[in-house]
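Asks: Okay, here's what each chain looks like letter by letter:
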Amino acid sequence: LSFLRTMADDKYSVLLPTYNEKDNLPIIIWLLGINFEIIVIDDGSPDGTLEVGKKLQEIYGDNRIVLRPRAKKLGLGTAYIHGIKHASGNFVIIMDADLSHHPKFIPEFIKTQKEGNLDVVSGTRYSGDGGVYGWDLKRKVISRGANYLAQILLRPGASDLTGSFRLYRKEVLQKLVESCVSKGYVFQMEMIIRARQFGYTIGEVPISFVDRVYGESKLGGSEIIGYVKGLLYLFAST
Amino acid sequence: MTKLMEWLTGAVLILGPWSAVVTNTIQNEFTKQYYLEILLFPVLLVALFGLASVAIIAYRVYTFNDCKEAAEELQNQIKEAKADLTKKGLKLD
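One line per chain: the protein sequences are D and B, in this order.
So in full-length UniProt numbering, spot 226 of the first sequence is number 226, and the numbers just go up one at a time.
So in full-length UniProt numbering, spot 1 of the second sequence is number 1, and the numbers just go up one at a time.
Be careful, since some hints might not be right.
[As the list claims (entries may be wrong)] EDC-like, lysine to aspartate or glutamate: derived pairs with alpha carbons at most 16 angstroms apart:
#1 D:K104 <-> B:E29
#2 B:K79 <-> D:E223
#3 B:K91 <-> D:E171
#4 D:K104 <-> B:E6
#5 D:K22 <-> D:E51
#6 D:K138 <-> D:D211
#7 D:K85 <-> D:E171
#8 D:K72 <-> D:D47
#9 B:K91 <-> B:E80
#10 D:K170 <-> D:D9
#11 D:K104 <-> B:E72
#12 B:K87 <-> D:D47
#13 B:K91 <-> D:E51
#14 D:K73 <-> D:D47
#15 D:K111 <-> D:D9
#16 D:K138 <-> B:E69
#17 B:K91 <-> D:D47
#18 B:K82 <-> D:D23
#19 D:K22 <-> D:D129
#20 D:K170 <-> D:E37
#21 B:K68 <-> D:D23
#22 D:K140 <-> B:D84
#23 D:K11 <-> D:D47
#24 B:K91 <-> D:D9
#25 B:K68 <-> D:D136
#26 B:K88 <-> D:D9
#27 B:K68 <-> D:D211
#28 D:K55 <-> B:D84
#29 D:K183 <-> D:D129
#30 D:K140 <-> D:E58
These are computed hints drawn from the structure, not numbers from a lab.
Since this is a predicted model, take the numbers as computed values, not measurements.
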């Protein structure tokens, strides 16, 4: 009966985990507009992100913007679980709140999902006209090298494994988060790997990733070591 | 079978016969004549893989799309959003 469903039957919730995003939160919500239920999961940001969220609720309405904060930084996996509990949509979109992901791609995600009746649609920076802005040569080499290693070892059938801009059927996201044990970059990789293990269908949409965090080293040695460890764990267990 | 098991299986399939030849457990005219080449075969495989990998990664870095227009569009939209939200009563700094 799924082909009888119309747009009116599908509802989309956007999960927005935030930590210290008081400047970006208004922008991302403005860009998302009125088309989606937005669930802001703030982990006790000291910069007042939650207060900004409340003011945005006054502007957009508290049925559009749902605030479900937590007391402190508890990690992305639990943020998704927490967000799902309060999401009324049957589809969930996960994305970063720092404006590196642009909501303009969401209609493309939705279209791709419908066309293939897919369980997961993943935004990719590495394929088609996907890409990145704001990365220097070193960052690009590390990114492509890490992705190449993951492709060789895991043969995942998805071009961008560490991306966090995705559309999931709500029950699929639930099941996947519950089955994942990794953290950080590897968590997003494990989600895709488990999705394939469970036989879920996965599609891709090229996206542009605009990195605005200049001058800050987001990829230190410990992150790289953590990534390789996580990769080896997935290599040996899946 | 996990990916690790797949690789181990593949390694055994290649290194099994190879080590039999290299230790002279199995030998014939061919293996005697090409003993050195057979001995160095795994090294050659690894070297070729390494070279191919470097080439592939270099190509992918070189052709990595640079989303300059996306960055500019975002900058403009940030200005627009700030103006609109200020009108709607949000205090922004």
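Asks: Hints broken by the structure, by number, lowest first?
Replies: 1, 2, 3, 4, 12, 16, 19, 21, 22, 23, 24, 26, 29 and 30
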